[in-house]
Amino acid sequence: MAASTDILREITEREYRWGFVTPVEEELVPPGLNEDIIRLISQKKGEPEWLTEWRLQAYRRWRTMEEPRWAKVHYPPIDYQAISYFAAPKQKERPKSLDEIDPEIRRTYEKLGIPIREQEILAGVAVDYVFDSVSVATTFRKKLEDLGIIFCSISEAVRDHPELVRRYLGSVVPPGDNYFAALNSAVFSDGSFVYVPKGVRCPMELSTYFRINAAGTGQFERTLIVADEGSYVSYLEGCTAPMRDENQLHAAVVELIALDEAEIKYSTVQNWYPGDKEGRGGIYNFVTKRGLCKGRRSKISWTQVETGSAITWKYPSCILQGDESVGEFYSVALTNNYQQADTGTKMIHIGRRTRSRIISKGIAAGRSQNTYRGLVRVLRGAEGARNYTQCDSMLIGDKCGAHTVPYIEVKNPTARVEHEATTSRISEDQLFYCRARGLSMEDAVALVVNGFCREVMDELPMEFAVEARKLLGISLEGSVG
Amino acid sequence: MAVARRIAPAPELAGLFPRIAPQLPGGGALAEVRERAWRRFLEQGLPSVKVEAWKYSRIPQQVNRPMGLARPETPPAAVVREALAGGPHARRLVFANGIAVPSLAHLGGLPQGVRVLPLEEAIARFPERVAEAFARIEDDRGFTDLNTALCRSGAWIELDPGVELTWPLQLLFVAMGGEAAAMTHPRVVVRLGEGAKLHLIESHVSGRDGAVFTNAVLQAEIGEGARLVLERAVMLDADQTLLDEAVCELAAGARLLANGATLGGGLVRGELEVHFRGEGGEALLNGLYVTRGREHVDTAVRVLHHAGGCHSDQFFKGVLDEQAHAVFAGRITVAPGAQRSDAYQVNRNLLLSDEAEVDTRPELEIEADDVRCTHGATVGCLDPNALFYMRARGLAPEVAEAMLTYAFAAEVVERMVDADLARKVRRAILRRVPGGARLETEGLLEEVPA
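Line order of the protein sequences matches chains L and D.
Numbers in the working numbering are just positions in the first sequence, counted from 1, shifted up by 118.
Numbers in the working numbering are just positions in the second sequence, counted from 1, shifted up by 351.
Derived by calculation from the structure, the hints in this document are not laboratory data.
Cβ atoms here follow ideal geometry from the backbone N, Cα and C, with glycine treated the same way.
Careful: at least some of the hints might be erroneous.
As the list claims (entries may be wrong) - Mimicking DMTMM-like on lysine to aspartate or glutamate, the simulated pairs with C-alpha atoms at most 20 Å apart in a straight line are:
#1 Lys-395(L) / Asp-516(L)
#2 Lys-261(L) / Asp-278(L)
#3 Lys-548(D) / Glu-633(D)
#4 Lys-401(D) / Asp-295(L)
#5 Lys-190(L) / Asp-491(D)
#6 Lys-517(L) / Asp-693(D)
#7 Lys-401(D) / Glu-185(L)
#8 Lys-162(L) / Asp-278(L)
#9 Lys-401(D) / Glu-184(L)
#10 Lys-261(L) / Glu-184(L)
#11 Lys-316(L) / Glu-364(L)
#12 Lys-406(D) / Glu-184(L)
#13 Lys-464(L) / Asp-295(L)
#14 Lys-464(L) / Glu-403(D)
#15 Lys-190(L) / Glu-403(D)
#16 Lys-517(L) / Asp-721(D)
Claimed, not checked - Here are the in silico distance ranges between beta carbons for each label pair:
#17 Pro-186(L) / Glu-673(D): 30 to 38 Å
#18 Asp-491(D) / Arg-284(L): 45 to 53 Å
#19 Ile-196(L) / Gly-378(D): 49 to 57 Å
#20 Asp-576(L) / Pro-748(D): 51 to 59 Å
#21 Arg-766(D) / Trp-188(L): 33 to 41 Å
#22 Pro-748(D) / Ile-196(L): 56 to 64 Å
With the hints as extra help, turn the sequences into a complete structure.
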């Protein structure tokens, strides 16, 4: 097993490649949180009165709330007054074209492997770049506008489409939903807004790249996606951050709304800085993501590959309100060193003949703790509801932990709910089988782990699948193409 | 805004211990253990729904009200006769509201090295050992401490190394309701020496309706290579409440087979905690609940693999009708270093009514890598294809449904060891399953339980 040990070491001890800092001039508000800071953020962004008030309400609510402690994660208390709640690259005006973006920022994205131009042309992916707190560029806007699709930063949406924002903001994740959602509602800085009009099938993947750059800040972005009747949109989200010894807080909120027969596919490759081998530093990723299948036959599908963050606390969920609506959750969570992940989903079946499917693959290595926590709730009226859940955990090494905590609540006798879970270590037999056929140990491990995650990887859009596979630290030779 | 995690005991309950402490059996060390448990109980209070393990349970709120302590009674002979199990040679202790009834005990001819006695007798004969046993288990439920503080009866069962009790031993608990609600806190201590074998049957039946709250605790230490079969059947009335905790400690190579069936009782919560303390242990845990009316049945199973190389298997099924509510929480914990652990768990539920509810939470907590752990949970209704198949062969829908439901439940009964008990459980299932009576009267079952 010497070779396999080496690979494990390589996987578990690999340096974080995205840990550089961009020397761009930043505009920071002083650390601390109070009503004045919130007014200042709101004013900096030129927001209307109703939104300022909305933020203040959320803040007042947040002050009465307690930080949740039920997740299987441990961290020292967070000093919310030590965080700077707004950081923006200094610039005079919003750039008219991509050429006007600070070259340093562009270089950052190039280092991250997403050259704005190239990707625009080659991949045909429309991208919104969020650098620290603000969106720096959105590509392909014109083409999307022709179809009536709105894809812009949420700040612009507040300015240009206030009626839509006002109608949907907080409608799926209300400001008082939980501690971190309340905090986000009070201080959210930027994020993406998408509206796809009736009957339109968005011709390209929409993508946002999030980047935390400045020290001593948190990132609190807010994403709102509305798919009107019969429309379709696929949205991708990626994220990285510099290496720092301090822990930085990322508390985002994502809200999705799918009306009648609409479909939203939301994919995430989360690669925030996980901290070093000793568990120093890294991002606290405390995120609330929820989709509302409001219309009949609507569908929301979450796919996530979680490899980063020191601590992940994240449960992308679906409220299946419309009759015959569908919710899906596909997840790979890989933790190593001292990472802690507590992630899963909630599927709330309200409408008749609603269906949900949960596939979760957890891989724990090093001294990490990896927890799947999920809820499937079938309400009285959800006649003929159907859920299938499969949670598999793989352990690599004897110092890590893998946990499964599913909650199943059923109040309708016609519902069919199935849950199954397994936990085991990487199979010696499978490795032996591969080795006997001439594969190197490295390739064998790669193949087995890849096979373990395949159901989820297959759900990722192509552009992301490539990155995700790289992130898992395992090549896919012979399995694709 | 936030609901407190603990419920403060009602004033009547909080003031109880100082009043009755002098009348409780045992002084000295035992009195100290009781005192300590009571103080902890007052400090901790009862768990609210905010405590994860009690999330779906209404029991703590329900029992936190003025209740007198149960008094000695004699249960009706017909009820006792009806509830006998374990075959003609079974030895027996009978309890009315948790208090041993000496006149109904049958403990004659026990082999050398087997000691079975009512707990009050054990306290009189060797109080220090009882105190030491009591002090051994405490947890954060509150109810165990309540039992320790207020317990006045129960059973002390001890087998010397290598001794086998060939006949089953039945502990028959008869709940006798009265005009006022009463509570009782029986305690059973089981100690099996190395290689000893015991088959224990615990029955809970109702002798008279009326509110009774039984807060029972069983603690078993199963020595190296010893084997305990623990079978439990609960058939109580709708206004009776049973909280039954069993904590089993398994030494190396020890084996436990626990079979439980709940077929009646307003609020029933069975907790089963298994600790593997040595290598090579085995625990097979099977359970069934068939509920109806407004019954609430709560099953909490915790299997803790502290040592490696042990095997555990949980198999729990439930049938819910009318407004019944069932909760299943099963947790498998594999501690760091407990390599080669094998742990399985299955929970299947059948919902028969629009108003029934089931909440199930199968949990895995794994901190070692060389393990094989799986769990599965399902909730659903009868398979329409199976129903169609049976109807196509001329069975009335009611009969087809009853048959499938009975078969679903009987899968657990098949694993029961004692034929008497299994028969009683089968009969109770037929009484509870819609259309079950027809199966019996029309001779549609291959083997009709007598």
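Now for the hints, and whether the structure bears them out:
For the proposed pair Lys-395(L) and Asp-516(L), the alpha carbon gap of about 17 Å is at most 20 Å, so the pair holds. Restraint check for Lys-261(L) and Asp-278(L): the C-alpha separation of about 18 Å stays at or below 20 Å, so the hint holds. A C-alpha spacing of about 14 Å is found between Lys-548(D) and Glu-633(D), which places the hinted pair at or below 20 Å, so the restraint holds. Of the supplied pair hints, the one linking Lys-401(D) and Asp-295(L) holds, its CA atoms being roughly 17 Å apart against a limit of 20 Å.
The straight-line distance between the Cα atoms of Lys-190(L) and Asp-491(D) is roughly 19 Å, inside the 20 Å bound, and the hint therefore holds. For the given pair, Lys-517(L) sits about 18 Å from Asp-693(D) by alpha-carbon distance, which is consistent with the 20 Å threshold. Taking the CA atoms of Lys-401(D) and Glu-185(L), the gap is near 15 Å; set against the 20 Å cutoff, the hint holds. With a C-alpha separation of about 16 Å, the suggested pairing of Lys-162(L) with Asp-278(L) holds against the 20 Å cut-off.
Taking the CA atoms of Lys-401(D) and Glu-184(L), the gap is about 14 Å. The hint holds against a cut of 20 Å. Restraint check for Lys-261(L) and Glu-184(L): the C-alpha separation of about 45 Å exceeds 20 Å, so the hint is violated. In summary, the hint linking Lys-316(L) to Glu-364(L) is not supported, as the alpha carbons are separated by about 46 Å, beyond the 20 Å threshold. About 19 Å separates the Cα atoms of Lys-406(D) and Glu-184(L), which keeps this hinted pair within 20 Å; it holds.
Note on Lys-464(L) and Asp-295(L): the hinted pairing holds, with a Cα-Cα distance of about 14 Å set against a maximum of 20 Å. Our distance criterion of 20 Å between C-alpha atoms is met by Lys-464(L) and Glu-403(D), whose separation comes to about 17 Å. Taken as a hint, the Lys-190(L) and Glu-403(D) pair is honoured in the structure, with Cα atoms around 13 Å apart against an allowance of 20 Å. As the CA atoms of Lys-517(L) and Asp-721(D) are separated by approximately 11 Å, the hinted pair is consistent with the 20 Å bound.
Roughly 36 Å separates the CB atoms of Pro-186(L) and Glu-673(D), a value that falls within the hinted 30 to 38 Å. The given range of 45 to 53 Å is respected by Asp-491(D) and Arg-284(L), whose C-beta atoms sit roughly 47 Å from each other. A hinted range of 49 to 57 Å for the beta carbons of Ile-196(L) and Gly-378(D) is consistent with their spacing of about 52 Å. The hint said 51 to 59 Å for the Cβ distance between Asp-576(L) and Pro-748(D), and at roughly 43 Å that hint is violated.
Hint check: Arg-766(D) to Trp-188(L), Cβ distance near 35 Å, so the stated range 33 to 41 Å holds. With their beta carbons about 60 Å apart, Pro-748(D) and Ile-196(L) fall inside the hinted range of 56 to 64 Å.
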